[in-house]
Amino acid sequence: MTRHDDSDLRLLERDLTALAAPRDDDERLRRTLRDELQAALRPQPIRRRFPRRVATATAAAIVAAAAVVLVATVGTNGSGGPAVASAAIVHHALAAVTPPANQILHTEVVGVQNGVTVVGETWQQTSPPYASRGIKGLAGHGSEFSDDGTTSYAYDPVTNTIDEQPDSSPPTFADPMSQIRAELARGQASVVGTVTIGGASLYKLALPHGVVGYFDQTDYRARYLDDPQHDGSVVRLRVAAYEYLPMTPDNRALLSVTAQHPRARIVVSSAAASAASGK
Amino acid sequence: MNANALADAHPVQAGRVDADAELVAAARTNPREFLALYERYFDRVLGYARLRIRDPATCEDVTSRVFTTALEQIHRFRGEGSFAAWLFQIARNTVRDAQRQRPTEPLAEDRPATDPTPEESVLERERARHLHALIRLLRPEQQHLLALRYGAGLPYEEIGLMLGSAPATVRVRMHRILEELRLRYSDDQA
Chain Z
1 MTRHDDSDLR LLERDLTALA APRDDDERLR RTLRDELQAA LRPQPIRRRF PRRVATATAA
61 AIVAAAAVVL VATVGTNGSG GPAVASAAIV HHALAAVTPP ANQILHTEVV GVQNGVTVVG
121 ETWQQTSPPY ASRGIKGLAG HGSEFSDDGT TSYAYDPVTN TIDEQPDSSP PTFADPMSQI
181 RAELARGQAS VVGTVTIGGA SLYKLALPHG VVGYFDQTDY RARYLDDPQH DGSVVRLRVA
241 AYEYLPMTPD NRALLSVTAQ HPRARIVVSS AAASAASGK
Chain C
1 MNANALADAH PVQAGRVDAD AELVAAARTN PREFLALYER YFDRVLGYAR LRIRDPATCE
61 DVTSRVFTTA LEQIHRFRGE GSFAAWLFQI ARNTVRDAQR QRPTEPLAED RPATDPTPEE
121 SVLERERARH LHALIRLLRP EQQHLLALRY GAGLPYEEIG LMLGSAPATV RVRMHRILEE
181 LRLRYSDDQA
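From first to last, the protein sequence lines stand for chains Z and C.
If you use the working numbering, the first sequence closes out at 279, no skipped numbers anywhere.
If you use the working numbering, the second sequence closes out at 190, no skipped numbers anywhere.
Hint data in this document are derived by calculation from the structure and do not stem from the laboratory.
A portion of the hints provided could be inaccurate.
To be verified - Computed from the model, here is a short list of chain C residues facing chain Z with C-beta under 8 Å: (1) Leu71; (2) Arg96; (3) Tyr185.
Owing to the predicted nature of the structure, the values given are computational and were not obtained by experimental measurement.
The C-beta atom is built at its ideal place from N, Cα and C for all residues, glycine as well.
Using the sequences provided together with the hints, build the complete structure.
So, in structure tokens, the structure goes:
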């Protein structure tokens, strides 16, 4: 190793440490989280400070909630008309993204961020144990992972290895459409107009946190999502695939990294994983 | 190679493992005692999250989830390994879950923070973004190891205890990870 290499390593170590360096508002965060832990220690269920960004409700719960929302929306509208129409659109949009039980939901979203194409593709059981496999990241270079309900797997194409570790929490139903689905079900979506993108006529539905969903006017399928970024920019994701697959043996194999890469070497993580998972 | 350069950047107090055992026992008897463990590990868990996740809000979310999960699960911790090993395994799983819950990974992690931070006064924003992206190219086990060392600031001896490996073995593994990262980092800087 040369002196130049040694210097590079020191710079690298410095930069790595800087990524995790303390920040001015850490003390505020420390106090906030401590207050929440103290609140949780009182005789009541533990509440998380930050709402999960992705819905964890089951499809059945979502549909039930949606029915309530729809009735409430229509019922409070004295004159009918546009509000009822909006409620109907939301209802149809929700139905279009609510999967049936005992299927495999296959989704793919594609977007461009900072000039780079990013892709997220998932396959997931629509009923417990919600086994899933996903590929996310830069197009052609995404990370691949799966979870069968008790064990999670991550595939490394460079070394052709699969990292296996016990899961710490039961899998949830969390495909790329989860946030949209949950907000629709909660009645947090509003129809703000119609637009034409790529020749398709779409309903534009505004959701909390600046998220926008675009649903086809003919069949209510989700076609695009606008995902706002912290810097004020918006990344538009095209829904390239949204389909339900039957639970055939071939399709089941789509849920498993080990089935997709049968020749990969499996590396089991440390014993600490078992202790942490409690399984 | 000078992998020891930051060996004492975040020194762990002598006898801490024993102190953890006492606090864990106290927390299992009286959950309010868990707050002492929280105070002891808050900085390290937050640092761990920051090394693996770029988005500040997600780092805070992960840190919150790690401690609420640990509080919920503390009765299940049997003490077969160290509390730190158990806690950072929860952190590892929580980071993994967070990384999977967004439609596409870069949207969640590569976006710049709104406000300037001390980190960005040292590292240019673009370099930090590149470094995070390169870390994500490592295997999950490698990312975990890197975050234990440079995020949580744990010494090799403690990481070795966590992983059931000799400190020398951890050093060798870390050396390989840094070399792999350095080559990619150098290419990007060139």
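Indices of hints not satisfied (ascending): none
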